[in-house]
Amino acid sequence: MAPSSPRPALPALLVLLGALFPGPGNAQTSVSPSWQPVGKNLTLRCQVEGGAPRANLTVVLLRGEKELKREPAVGEPAEVTTTVLVRRDHHGANFSCRTELDLRPQGLELFENTSAPYQLQTFVLPATPPQLVSPRVLEVDTQGTVVCSLDGLFPVSEAQVHLALGDQRLNPTVTYGNDSFSAKASVSVTAEDEGTQRLTCAVILGNQSQETLQTVTIYSFPAPNVILTKPEVSEGTEVTVKCEAHPRAKVTLNGVPAQPLGPRAQLLLKATPEDNGRSFSCSATLEVAGQLIHKNQTRELRVLYGPRLDERDCPGNWTWPENSQQTPMCQAWGNPLPELKCLKDGTFPLPIGESVTVTRDLEGTYLCRARSTQGEVTRKVTVNVLSPRYEIVIITVVAAAVIMGTAGLSTYLYNRQRKIKKYRLQQAQKGTPMKPNTQATPP
Numbered sequence: 000m001a002p003s004s005p006r007p008a009l010p011a012l013l014v015l016l017g018a019l020f021p022g023p024g025n026a027q028t029s030v031s032p033s034w035q036p037v038g039k040n041l042t043l044r045c046q047v048e049g050g051a052p053r054a055n056l057t058v059v060l061l062r063g064e065k066e067l068k069r070e071p072a073v074g075e076p077a078e079v080t081t082t083v084l085v086r087r088d089h090h091g092a093n094f095s096c097r098t099e100l101d102l103r104p105q106g107l108e109l110f111e112n113t114s115a116p117y118q119l120q121t122f123v124l125p126a127t128p129p130q131l132v133s134p135r136v137l138e139v140d141t142q143g144t145v146v147c148s149l150d151g152l153f154p155v156s157e158a159q160v161h162l163a164l165g166d167q168r169l170n171p172t173v174t175y176g177n178d179s180f181s182a183k184a185s186v187s188v189t190a191e192d193e194g195t196q197r198l199t200c201a202v203i204l205g206n207q208s209q210e211t212l213q214t215v216t217i218y219s220f221p222a223p224n225v226i227l228t229k230p231e232v233s234e235g236t237e238v239t240v241k242c243e244a245h246p247r248a249k250v251t252l253n254g255v256p257a258q259p260l261g262p263r264a265q266l267l268l269k270a271t272p273e274d275n276g277r278s279f280s281c282s283a284t285l286e287v288a289g290q291l292i293h294k295n296q297t298r299e300l301r302v303l304y305g306p307r308l309d310e311r312d313c314p315g316n317w318t319w320p321e322n323s324q325q326t327p328m329c330q331a332w333g334n335p336l337p338e339l340k341c342l343k344d345g346t347f348p349l350p351i352g353e354s355v356t357v358t359r360d361l362e363g364t365y366l367c368r369a370r371s372t373q374g375e376v377t378r379k380v381t382v383n384v385l386s387p388r389y390e391i392v393i394i395t396v397v398a399a400a401v402i403m404g405t406a407g408l409s410t411y412l413y414n415r416q417r418k419i420k421k422y423r424l425q426q427a428q429k430g431t432p433m434k435p436n437t438q439a440t441p442p
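Going by numbering that gives the first Met the number 0, the sequence shown opens with residue 0, and the numbers climb by one from there.
It is worth saying that the hints were derived from the structure and are not from the lab.
All C-beta atoms, glycine included, are put in the ideal place defined by N, C-alpha and C.
Keep in mind that a hint or two might mislead.
To be verified - In silico DSSO-like cross-links for lysine-lysine, where the CA-CA straight-line distance does not exceed 30 Å:
hint, residue 1, residue 2
1, Lys249, Lys269
2, Lys249, Lys229
3, Lys229, Lys269
4, Lys294, Lys229
5, Lys183, Lys294
To be verified - So the derived label-pair ranges between C-beta atoms look like this:
hint, residue 1, residue 2, range
6, Arg135, Glu338, 53 to 63 Å
7, Ala222, Thr356, 51 to 61 Å
8, Ser33, Ala222, 54 to 64 Å
Given the sequences, and given the hints that come with them, work out the whole structure.
This is the structure:
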């Protein structure tokens, strides 16, 4: 906002009270505003009424004890003026007017009278408005932080800072620098503040002020609502998932094909075991004063389904060496998690998940039964135990097989060579010429 125009400065008027010799004299006192901006020309006047003999009367203008101007009193009332360029070091200075009636030539003495002092207060308020930093949007029932600052002030400690949001006056904490300040305040908004509000920072120093205005939009935007037909259903049940949000919001629901965005979205599905624990997330977006505000809400679906036992999680066959340490593993799945028991002959349990020493008693076929409120399922599991004597027999049989195989191969090769030699001998006896292996004669 443009800086406010300074008021026209009134000249400072200093009036000397009239206890002048002879006669009481007559005086009136009037002063201009004590705050004066640095760099301005300030006119000081001293008016004196009465006093005689006038030829012996002198008027003196002072700053503290320093004489600024001295003139004889002329006219009725007598008036003496001077102009001062206001400086920073004039801040707090006292200006006064003194009259001197010199009757020493008549054998009397020098009579003096001094007016009440006029204290000058100088200031500098820059033409630039304060800098205001605040959120452009605020949600109902939340807090925001507002900071107002300005540089180039004198005297900075005399500056007054006013922060307000609409009709709500804020209570800032002000930090001062050499010629600057920073005012920080928290602002809370309620549903009554919803809409566009004006945020104001005003700085007052001397008889001038600077002001900055901003608009803050207060909005209400609850998170979207995700509704399931039921949060817990049985396998195969039809489930409806709905997402609803602010009338001006646009929502997206995961799993829903692309469609024109609006404040509502819906998804239909048939519950399967794979949907157990599935999260349905709804994202809502609302545009407030050019900013996009996002809110999310998630709901989880629980699907009840019967027990499952498969080869991956419950192998159907185990073969273990006798006296080894083994841990039978069989995992049943379902919701709720089923109870699992594996029994041989209906009585002997297989210690699922426990480390055991493999014995002959562990061998056999077990019936694993997984049971829950959603039903039951069974699976047969066979445990084979390899005894050490069986291992020796197997090794012996394998070794014998290798030896016999080697002997058979040798016999086959021997007989083949013998037959070849016999054939060649028969051919030689019949006179069949044999092709000699001769080398070619070199040219």
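Now the hints, each set against the structure:
| no. | hint | result |
| --- | --- | --- |
| 1 | Lys249 <-> Lys269 | 26 Å, holds |
| 2 | Lys249 <-> Lys229 | 25 Å, holds |
| 3 | Lys229 <-> Lys269 | 13 Å, holds |
| 4 | Lys294 <-> Lys229 | 23 Å, holds |
| 5 | Lys183 <-> Lys294 | 29 Å, holds |
| 6 | Arg135 <-> Glu338: 53 to 63 Å | 60 Å, holds |
| 7 | Ala222 <-> Thr356: 51 to 61 Å | 58 Å, holds |
| 8 | Ser33 <-> Ala222: 54 to 64 Å | 58 Å, holds |
Consistency with the previously given hints is maintained throughout, with no hint failing.
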